[in-house]
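The lines below spell out each chain.
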Amino acid sequence: MRHILSLLLENEAGALSRVAGLFSARGYNIESLTVAPTEDPTLSRMTIVTSGSEDVIEQITKQLNKLIEVVKVFDLNEGRHIERELMLVKIRAEGKDREEIKRTADIFRGRVIDVTDRIYTIELTGTRDKLDAFLEAIDSAHILETVRTGASGIGRGEWILRV
Amino acid sequence: MQLSGAEITLRCLAEEGVEFLFGYPGGAVLYIYDEIFKQDKVKHILVRHEQAAIHAADGYARSSGRPGVAIVTSGPGVTNAVTGIATAFLDSIPMVIISGQVPTRAIGLDAFQEVDTVGITRPCVKHNFLVKDVNDLASTIKKAFYVATSGRPGPVLVDIPKDVSQHLAEYSYPSSVSMRSYNPVIKGHAGQIKKAVQMLLEAKRPMIYAGGGVILGDASQLLTQIVRELGYPCTNTLMGLGAYPATDKQFVGMLGMHGTYEANLAMQNCDVLLAIGARFDDRVIGNPEHFYQPGRRIIHVDIDPSSISKRVKVDVPIVGNLADVADEMLKQLHASDAKPDPQALAAWWKQIEEWRGRDCLRFDRSNTEIIKPQAVVEKLYEVTNGDAYITSDVGQHQMWAAQYYKFDKPRRWINSGGLGTMGFGLPSAMGVQFAFPNDMVACITGEASIQMCIQELSTCKQYHLPIKIVNLNNRYLGMVRQWQELQHGNRYSESYMEALPDFVKLAESYGHVGFKIESPADVEGALREAFALKDRTVFLDFQTDQTENVFPMVPGGKGLSEMILGSEDL
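Protein chains in written order, with our numbering: chain A, 1 to 163; chain B, 1001 to 1570.
Everything labelled a hint here was simulated from the structure, so no lab data went into it. Be aware that one or more of the hints could be misleading.
Only pairs whose alpha carbons sit at most 25 Å apart, straight line, appear in this in silico SDA-like list of lysine to any residue [to be verified]:
{"id": "1", "chain 1": "A", "residue 1": "K66", "chain 2": "B", "residue 2": "R1311"}
{"id": "2", "chain 1": "A", "residue 1": "K66", "chain 2": "A", "residue 2": "T38"}
{"id": "3", "chain 1": "A", "residue 1": "K62", "chain 2": "B", "residue 2": "V1314"}
Reference excerpt, derived from the structure (chain A facing chain B, CB under 8 Å, subset only) [said to hold, decoys possible]:
{"id": "4", "residue": "A20"}
{"id": "5", "residue": "T127"}
{"id": "6", "residue": "K130"}
{"id": "7", "residue": "V163"}
Where a beta carbon is used, it is the ideal one built from N, C-alpha and C, also for glycine.
Could you build all of it, start to finish, from the sequences and the hints given here?
Here it is, written out as structure tokens:
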């Protein structure tokens, strides 16, 4: 099953490679991993999307907790949560396709952030499914380049992950 | 007062009470070696290869319970140390390794003797640090000792660039350390412990399975008290030998791949299992699917939450410091009105004694022609009154040492159980002898393993270490040959040792005493003579039976009750 893990870790050189190294050394899956400093510059917030049986997810959580630089680990699947991913996609938009692509982007609440006479570059935010659906809605021959950040996650309501 | 990074390093080690620093100098650590020269609090021990520095620090740590400390230079110094570090990591040994690094301005430029030390060692240390600013040095070393020795222990490496060891900083050693991201659990959950005690008291066929964690956590005495008060059978893992006295009647021997018939069958057939400081390793329980028994309930006590339910699902997990948990268990046992069911227990012991009656460790003791390796270990046990520190290398000799030397005390049996590192025996024996200069130390080895760190005979000479090397020389990579015989149709691919040195002459060339023993009649005399030479390193080269195999054996991938007891079972 797909799980989305939220981590707080020391904002130190090498912390990311410890996490990445753990996943490769123990053969765990990483679907995506995002990381950036938080409002407290000594801490980074990481979101890892992974998949595995309940036993494997339990081991992943325990092994992450063992890393000295990891301060907190939370499996967002344990509660209600929101996840978002950002995608930048460069699409060939010429002639009659130009209007159709713009309309599709509007339906998905995407924004055109760069234009040439042959190309639209579109910014789109949403869940993985929504981004996938947008790409499916566009003729694949028109898609020139996609850049996706991987999911970032946060708990719903008053629940807060902090030190 | 402003001190150089090198001087700060030595001051910190002295503050931590470090007696011995096992190491080998080189370019990146020259400032630190200069400070070693200028002080007399920390004694440096010069080994002949960096791997040996780490194994020696490891042997010191395993035998004394204090952290081992080693120092190596950058580049090849570190890569040579990696085998030792991984050995300590797999067996959770508290250790601090200081490594030199090229100057900060040269890092990343493929400088002479540069490797990414933090990157190379990351998967085999509990934690590591690269110190980029001399002002962080003292607090980093403090953290290194704290992390290495607390929680589940392990090796911690501190990488110090050459310029950092040269730069000056104000020195003060922190009196305590607090890390928001590292808070090892100490006390076990009282409710869980209560549940565990109840479950133990309800057992009809109980079994206690104790591992190396009991020794590392200094919980042997408490465990022994629990086992005796309950009257239950107890087994130890390879790493746990000595946690419960081997000569006690409640001890059913080591379990696992080369464990006893009675220990393995009791593990398989018990209804309540208390696993303490052990991790259901593949060499211990074999195939986990075969190990699973529907009616059996398992209590698992360990300091590391990730050890619990990793290979085997357990019913009552308890995370905590083993001595604290065992102490609480004893209290609750005393407070409980329930008592073990005497009838069920008597029937269970009757069954175990029946299994014990198979005498699975028997071997041909009457042979007067050829030396049986098991007999050498038995004689060593007799000659030393079971009171020596025994280190071993890896292979058949290691298993015979574990099976036939009866360890009654913790920290007496020093071997590489997790990583299985050949070459560990001699350098770790040096570390033990430094920790206990007046005790008997023997290294049980084979002619293949001993050659992986043979250069340390030179270190033994320099420091007058009276280690007795018991070489069970069968002219084969014995364990490899055994597997090839049993599982690969007797095709002995590269397992024969040709062109062996004359070990007696080799020992003599290093300034030691060497004996070659070829007849069973001479085994005891040679051992007695060796131990009578109280201030000499003695190399005892026993020419043993080439065809002897280690039994019982649970073949790879099989279950504990699928043991081969001897060649007659094949």
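Right, here's what the structure says about each hint:
no.: 1; hint: A:K66 <-> B:R1311; verdict: holds (18 Å)
no.: 2; hint: A:K66 <-> A:T38; verdict: holds (22 Å)
no.: 3; hint: A:K62 <-> B:V1314; verdict: holds (16 Å)
no.: 4; hint: A20; verdict: violated (10 Å)
no.: 5; hint: T127; verdict: violated (31 Å)
no.: 6; hint: K130; verdict: violated (35 Å)
no.: 7; hint: V163; verdict: holds (6 Å)
Figure legend: structure checked against the earlier numbered hints; hints not met, in rising order: 4, 5 and 6.
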